[in-house]
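Chains as they are written, first to last, in full-length UniProt numbering: chain A, 1 to 785; chain B, 1 to 785.
Keep in mind that the hints were calculated from the coordinates and are not lab data.
As the structure is a computational prediction, the values presented were derived from the model and not from experiment.
Some hints could be false.
[Claimed, not checked] Distance ranges between label pairs, derived from CB positions: (1) B:Ala611 <-> A:Ala649: 25 to 31 Å; (2) B:Phe355 <-> A:Asn418: 39 to 45 Å; (3) B:Ala611 <-> A:Lys114: 52 to 58 Å; (4) A:Pro461 <-> B:Leu301: 56 to 62 Å; (5) B:Glu172 <-> A:Ser436: 48 to 54 Å; (6) B:Pro633 <-> A:Pro303: 52 to 58 Å; (7) A:Gln417 <-> B:Glu172: 53 to 59 Å; (8) A:Glu119 <-> B:Pro411: 44 to 50 Å.
By construction, the Cβ of each residue, glycine as well, lies at the ideal position given by its N, Cα and C atoms.
Number of protein chains: 2
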Amino acid sequence: MESEQLYHRGYCRNSYNSIASASSDEELLDGAGVIMDFHTTEDDNLLDGDAASPGSNYAMSNGGGAPSSTTHLLDFLEEPIPGVGTYDDFHTIDWVREKCKDRERHRKINSKKKESAWEFTKSLYDAWSGWLVVTLTGLASGALAGLIDIAADWMNDLKEGVCLSAMWFNHEQCCWTSNETTFAERDKCPQWKSWAELILGQAEGPGSYIMNYFMYIYWALSFAFLAVCLVKVFAPYACGSGIPEIKTILSGFIIRGYLGKWTLMIKTITLVLAVASGLSLGKEGPLVHVACCCGNIFSYLFPKYSKNEAKKRETLWRSFFAALVAAFVLRSINPFGNSRLVLFYVEYHTPWYLFELIPFILLGVFGGLWGAFFIRANIAWCRRRKSTRFGKYPVLEVILVAAITAVFAFPNPYTRQNTSELIKELFTDCGPLESSQLCQYRSQMNGSKAFSDNPNRPAGPGVYAAMWQLCLALVFKIIMTIFTFGLKVPSGLFIPSMAIGAIAGRIVGIAMEQLAYYHHDWFLFKEWCEVGADCITPGLYAMVGAAACLGGVTRMTVSLVVIVFELTGGLEYIVPLMAAVMTSKWVGDAFGREGIYESHIRLNGYPFLDAKEEFTHTTLAREVMRPRRSDPPLAVLTQDDLTVEELQATINETSYNGFPVIVSKESQRLVGFALRRDITIAIENARRKQEGIMLNSRVYFTQHAPTLPADSPRPLKLRSILDMSPFTVTDHTPMEIVVDIFRKLGLRQCLVTHNGRLLGIITKKDILRHMAQMANQDPESIMFN
Amino acid sequence: MESEQLYHRGYCRNSYNSIASASSDEELLDGAGVIMDFHTTEDDNLLDGDAASPGSNYAMSNGGGAPSSTTHLLDFLEEPIPGVGTYDDFHTIDWVREKCKDRERHRKINSKKKESAWEFTKSLYDAWSGWLVVTLTGLASGALAGLIDIAADWMNDLKEGVCLSAMWFNHEQCCWTSNETTFAERDKCPQWKSWAELILGQAEGPGSYIMNYFMYIYWALSFAFLAVCLVKVFAPYACGSGIPEIKTILSGFIIRGYLGKWTLMIKTITLVLAVASGLSLGKEGPLVHVACCCGNIFSYLFPKYSKNEAKKRETLWRSFFAALVAAFVLRSINPFGNSRLVLFYVEYHTPWYLFELIPFILLGVFGGLWGAFFIRANIAWCRRRKSTRFGKYPVLEVILVAAITAVFAFPNPYTRQNTSELIKELFTDCGPLESSQLCQYRSQMNGSKAFSDNPNRPAGPGVYAAMWQLCLALVFKIIMTIFTFGLKVPSGLFIPSMAIGAIAGRIVGIAMEQLAYYHHDWFLFKEWCEVGADCITPGLYAMVGAAACLGGVTRMTVSLVVIVFELTGGLEYIVPLMAAVMTSKWVGDAFGREGIYESHIRLNGYPFLDAKEEFTHTTLAREVMRPRRSDPPLAVLTQDDLTVEELQATINETSYNGFPVIVSKESQRLVGFALRRDITIAIENARRKQEGIMLNSRVYFTQHAPTLPADSPRPLKLRSILDMSPFTVTDHTPMEIVVDIFRKLGLRQCLVTHNGRLLGIITKKDILRHMAQMANQDPESIMFN
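Here chain A stands alone, though its shape is the one from the complex:
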């Protein structure tokens, strides 16, 4: 029975109180005084119930002992108070409390499971619910990812034309079904009609070009308008990539509705529209958000997760990986896609040479510079949007950006096509079957074939044209991505970053190739690059460049390389990738250590304590804690001499989220910590349910009620909402240790003592403010609690 009561309590750390207090009075009498004399000093309250019983090693076994005369008061308090132990919106969770609550639940299930077959089944169900959530999430988000893929492809092609044989086919599928298609011209078939053909009836000529151009812009603007309107009206949280917010949520912050069903629905729909509108954005980041929404929604089916914020976050992590796996699996069984398990499968014929590390490292430098530049420019633009009137017209902004993108993208084939397709083309090496413009080399045996199977050839006119177009595409992508990331539509950054790197890499690769062809007797090439031999692989350069740019923007190193080489399936190119990504990270870090996501977290003022960033200052806890010198004294509660009225006055006068409870104003010795929300709920609850609670009722946090005059109203016991094991540090503790404790234990607040006396309090927000101050930033940018 006791364990049941324990389970229902809101507070886990307090559920031990009843066990501890069960060490009966006799024990107290001979237990105290073993170490020290408790009753020699004035300030020691004699009613301080469960004072030291250091020998209470066996307290649990003689637990049943009579709680004497206070039984009638305890009865009420053994009941759980609804709402105690939950959180407000935009507040930080207490990881220790949440984990503790879960262990309590687990113990209860474990102790019950031997009772009956039904309880055993329930315990099995509980143990497997984690797998269930992950499986469901994986399936759901994998299916959504597939749907988004297909829908975005179809709508993207809608900008160019329609399939007459079947409206729901995209360009590629339309021509698959046609039997008039030859392999060389696989994307041309009579069933697929461009808008000019449909409307004007002619496929060639300036008129039809302008018609196609116009329709392209029309559709792009329509999609963009629809996307931003849906986001604005139905789910404002659906905009952006969502990764900064998810990082903050996973670190223990509450944003209600951010992972809800509305966000999921609207994000899914608008992501398709945003991708199809041709804006310079990707869908990988928003897909993470979609997966986390699925995880959150499914977790509500299982009390294990829905009632525990820490466990829910565990599930979100797992969901994210499950979704990735599911998406890959879905892609592999996708009847329309290629059958590889990887996103961009590449096979290169030639190894790389040591000398090539120089261009690879240069690509790394480019990636780092681009990353640093992008982060600064994008943050500056987003700050402008936040602070000026301009930010009040998100719809107009999206339409404007979409219009500029469409106008400049259409004439250049490399910007008109789907960005994933572009990356794939850039990664691919030129082989005999490649009909791309990038592979139009002049054949060495002049005549017979248009291009040679043997690489290391002089570039043909197609390659030169492609180089120009790629340069323009590079400039275009760089500018547009800066203005696109942060718009009020779902937008990811992986694909645009990779595209920029891939374009730069391919350009460098082709340049190297031509250099090696025309100067193969240079001492640099002489050793390993014979005439007519295949020695430079431009596709590999594109891959290295993509990794470097992705690294520069997001600042993840090893994990990034792993992702990239999983995407490409190339295990042999780990050294070039590593070299480029490490360089890009070092170069980027020289301009600022934060990645784009961390920068956006800071821009938005989320309370995120970065695990990577070292705290290197020599400040002490006393310098960071509140109250500061000029502040009013710390709001504290005494354990047994407040009335309900006084307590409410203290709560109303301050805006703190919690209050330390002390023995007495004179001694300042700390007893515990009570949260504002819990106190409010408990008083409210007592008023409703418990008779005789009045404004002048005494409130006490001790085990036993204080001795009161005969005519005083019934007292209110609040021990069950008191956290009796608050974290404390001394005022001399260096802040680096305090920061470490907050990070590793996931604290929400910590009390500061000096020689056993309460001195102040440090919250997560205080730490973030202090860190901002030390970095010469505005401490008021930290907004939430």
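Chain A is already provided as a structure; the job is to place chain B on it using the hints.
What follows is chain B alone, placed relative to chain A:
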């Protein structure tokens, strides 16, 4: 100048004291009392120097302020006391203190680096010293691994014969140089002479067989004898795999000499001897030990690592990975080996089918059962060795085990050969070039060829014989491995575990193959296994079995699979491997959650707090802390009324490693914590250097000296060795939270308070004892501090 002093201090946490105390007296006077009145209670010592100055936010800036009359006393104490902040053998390190020391050092270098070009160079050197250590370690341990490989191969072949053309060639190299060797009989050549040929002059017949048998046993015993003698005489720490000890050291324990040069030298030599003696052991575990020794030795070249136990451990982690990489690279450029980057490179021709998951999962069950059985049997045997007279004759034991191993291993070709070779053979699929006995299938087109290229054939007599021999080898390996792991020679467990799994897997694989051949019309096989088609790959079964057994013994899941499939280069078989390894872990965990290394850690009583194991009991800190009910009171020091004599008496009467310092016996309010070792060193140092320190000198931990009678001797200030930010928890804190704090922050001890008063202390050892007690084990098995 101040920063220099800070750097030289032994204690990092106290280096802040001088900053804090720099907030001059004026500040103290108006700073205190902002929050609370400090002078109202009796027990508040007025000399409690740096009481609350909560507004000292700018303390650092006005730091230069006069330290008034105490200057002559401070002068001495600003000097570093040599030895303070180091550790005794078999003690636990304080991670917080070590990390803090390193940040202090880092800050000093950072502040200095702008002073001159030389300082800037030094800072660069410091920043890169981590990479240097890792590179050096990687190279050295890679080279050692290569040497051990070559030497062990040569000595292993010495048991069978010698190469007449060149003594230093092993069997394989000897026959490579011979031009009389055909491909089919590549291991037979005239230059290689077996002992029978050399001594008796004949290669065939029972006489020569007995001669070879005798020489095999003779060499095996010689090697084993030499190995155990070297270990016993020169470096007792060189025995075993070393992984349990390294895990403990990495978790923050001091074992002097365990990673020293003697251990390295002897371990390298004896590892070769032990492997060559034919005992059932591998060299992977000891190689980890060798790599860590290299890392430790090289770290002494860099003060960043040699002077900081936490940083040293970081380096050891990195060294371990660097060594693995280096070993692989060395292997890839090894002129004698194959050119693959992986240990066992396998390519299979056929995919696996869903139905095959059943035998794979059965192999997982076998792996789990074997792991659980092995751990129990081996631990029981090792405990017997520790507790009985038998353990006193390690040399005899090794010789006995080596003799039994040699006698039973020689007749069976699968036990006679090198275990790595055996695993390779078992992993390899039967192809047209395979001459192994395992591939002697009867050809389907009877006659012409001895075996067919097309698998799924009836087994020939060779296969039947091999099956019998494999069964015997399995039983032999299982028994011998139990008795071998724990002998006083270097011994790893990876290769024997994998061998057992590979044998079992291959047996199951061949059985499945024959089943599919003879019953290909069963409904199970009908769908996917046509007549004459290649549907079962016995080599894959061997691989899956090996992974399952390795998982069962060591209980690592995902990381294990990654290792295994890196070893084999097979990315497509991740699902079978995962299924088997997960099953093996579940089955194994049902019999006990500890892997073999954790079991050995517990057997040896090392203070290792496992991060995986959940603490699930409901005990409170007050039940675990010392002093217990029956104990004498906690030994504490008061901050300003002890004499040197009293202090020494307290130290001599107790055996504690540290003492809490309190304001006064009456108030029991905690000031800080002082380590026994530091107090002893400081008193010793003061006696030598500081004049006027006598037995009746007053010792004080406060900022200012207490007021003393005029004729009293000069007092001794010990503030610099006082840890002023000890970790505290309340007596009501659940042990699960305490355990979490110890794990995550790497604490050595934690003080327990109740309402601001010191109540007791919890050390890492107390926690381990408590956990042992809760698991119904002998708490006295935890031996070290």
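>> Going through the numbered hints above, which ones does this structure break? Give me the numbers in ascending order.
In response: Going through the list in order, the structure violates hints 1, 3, 6, 8 and respects the others.
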